[in-house]
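Below are the chains, spelled out letter by letter.
2 protein chains.
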Amino acid sequence: MSALYVVGVDMGATNTAFGIVDARGTILFQDNIPTGNYSTGEEYAKVLSTAIKGLVTKNNLNGEIKAIGIGAPNGNMHAGAIENAVNISWANGIVVPLAKMITEETDLPCRLTNDANAAAFGEMVYGVAKGMKDFIMITLGTGVGSGIVANGSLVIGHDGMAGELGHMIVVRRNGRPCGCGRNGCLEAYASATGVARTAREYLELNPGRYSLLREIVHRPLTSKDVFEAAEKRDELAIEVFNFTGKILGETFCDFITFSSPQAIILFGGLSHASDYLLDPLQKAIDDNVMKAFAGKTRILLSQLKGAEAAILGASALAWE
Amino acid sequence: MSALYVVGVDMGATNTAFGIVDARGTILFQDNIPTGNYSTGEEYAKVLSTAIKGLVTKNNLNGEIKAIGIGAPNGNMHAGAIENAVNISWANGIVVPLAKMITEETDLPCRLTNDANAAAFGEMVYGVAKGMKDFIMITLGTGVGSGIVANGSLVIGHDGMAGELGHMIVVRRNGRPCGCGRNGCLEAYASATGVARTAREYLELNPGRYSLLREIVHRPLTSKDVFEAAEKRDELAIEVFNFTGKILGETFCDFITFSSPQAIILFGGLSHASDYLLDPLQKAIDDNVMKAFAGKTRILLSQLKGAEAAILGASALAWE
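Protein chains in written order, with this note's numbering: chain A, 10 to 329; chain B, 10 to 329.
One or more hints might be untrue.
It does not matter which identical chain is meant; a pair holds if it fits inside one copy or across any two.
[Stated by the list, open to error] Here are the computed lysine to aspartate or glutamate pairs in the EDC-like style, where the Cα-Cα straight-line distance is at most 16 Å: (1) 142 with 168; (2) 300 with 168; (3) 300 with 259.
These aren't lab readings, by the way, just hints derived from the structure by calculation.
Given these sequences and hints, build the entire structure.
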């Protein structure tokens, strides 16, 4: 009997969620384990493998699993390894060949890539990019990630690490510091933290200006606050999203110049603010894109919704 | 008997050179026709086909030609067409499906792409990129062109027109006007014309400063003048190349972030100034590249030298 299901593993810094997925992209069963409480990658691989085998056995699916796909921080698809993931104690500063370890424990093929690439696979297999051969996935979360598909294949570069579009330089002189140690990266502006920072700058630079956001004084401002203020028609909050959308749109013009994608797909927490981001983003593209590409690239929202999206994305890897 | 040769066609705005090439990349026979003296694309296709067939017959190679490859301005590989090439009267403002026309006239398969993509193919088949699956070709001539190879395939995008890296924005506010109608493109700085413009700016901004370039007063300054002055150790000319190399290096960091290529290969007239460009270019990469990619991408010079390089590049298309 041929294998009819795959396992998708969404590895976060604190929690690892995994599920058994069918060919239509339905998560039939799922479970999770902590990510961090281990002294070595081997130990984590054993606990995860045991948990996956347990879920498979419990549901009478032994022999029906085709492969395992993992979306992981700093995942290198060439190597099937997690490379220097600073937020995971057992992977900080070292290379952990997790895919191989999981295969040894489960006897199942295992593929691993980073979260954004997994999301791109998910969109291609189950979502809005079905049938597309050239598109870019942009994940707008705490950071900005990306998965680039060209000629129907993920662009992962000679080292397996390509597609870091959150670290394209958008402000070349006196740009904001970025978590990567450089300045002026897209991520420093267009991530959730970037949006919160833009809001703080707008408030500081315009001390006399009214905004609902001034009521938040006992804790740091978040992008969610800015979104909620925008929902209440707060003008400053709306301007923050205008600014963010404009930077995204200008940068997307450079992405289009590079790979001329059929679509750029927005994914992740901040894409929920699409009501405020999409108009300025589209306008910035229309105003700045090279004529040869005008009107050719669509801006779409991910169809992989909610908490299960990352499991689905990772599971899509396993069908290849 | 299987076909042992291909034909490469280098189509310029005024002259079209073509040659019969063997599998080692030796041009055995070549000829040329004017590009512009026709009222329609059909007429050009007929004259070119007749000339190719004539060269083949004259050298007793009938039945031994596998295919024809064409490198053309604004060549679209998907469509096998020249799209709105403003410098060619019979292709200005329209789409000319040249590959199909040539096949009809010669009964040989024909592939067509733009000049920079053809150069990338040439480098992959005969040159310094042999065996590489991920690299970027940058052509530094009157303009700046590019051919991007990822996963062993050319990145041409959903419309066949991708890889316009000369039109990445390098100066986002108050950038120089570019031929594409926008401002601040890489091409406006790092092309031969960009280098000449930088030199003129340096001379104007520093009126008291000595430079050999001040002796050129009866005609416009060219990048060749700047190169020759640099060869005579003219400090201002050397600074112009430092500036150009720095902009190239900073921009290459964004290219690396995108596709993490094993190499970026320089091709075209301006790459002859590599003695002056490469050091500042490499320094700008070392100073600005994202840590995850540090030291991974080599900067190489094309091995397809001289006037025959473009014919070789185009012929490489025909082996696929």
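Hints, verified against the model:
no.: 1; hint: 142 with 168; result: between (22 Å within a copy, 11 Å between copies)
no.: 2; hint: 300 with 168; result: between (33 Å within a copy, 13 Å between copies)
no.: 3; hint: 300 with 259; result: within (14 Å within a copy, 25 Å between copies)
Consistency with the previously given hints is maintained throughout, with no hint failing.
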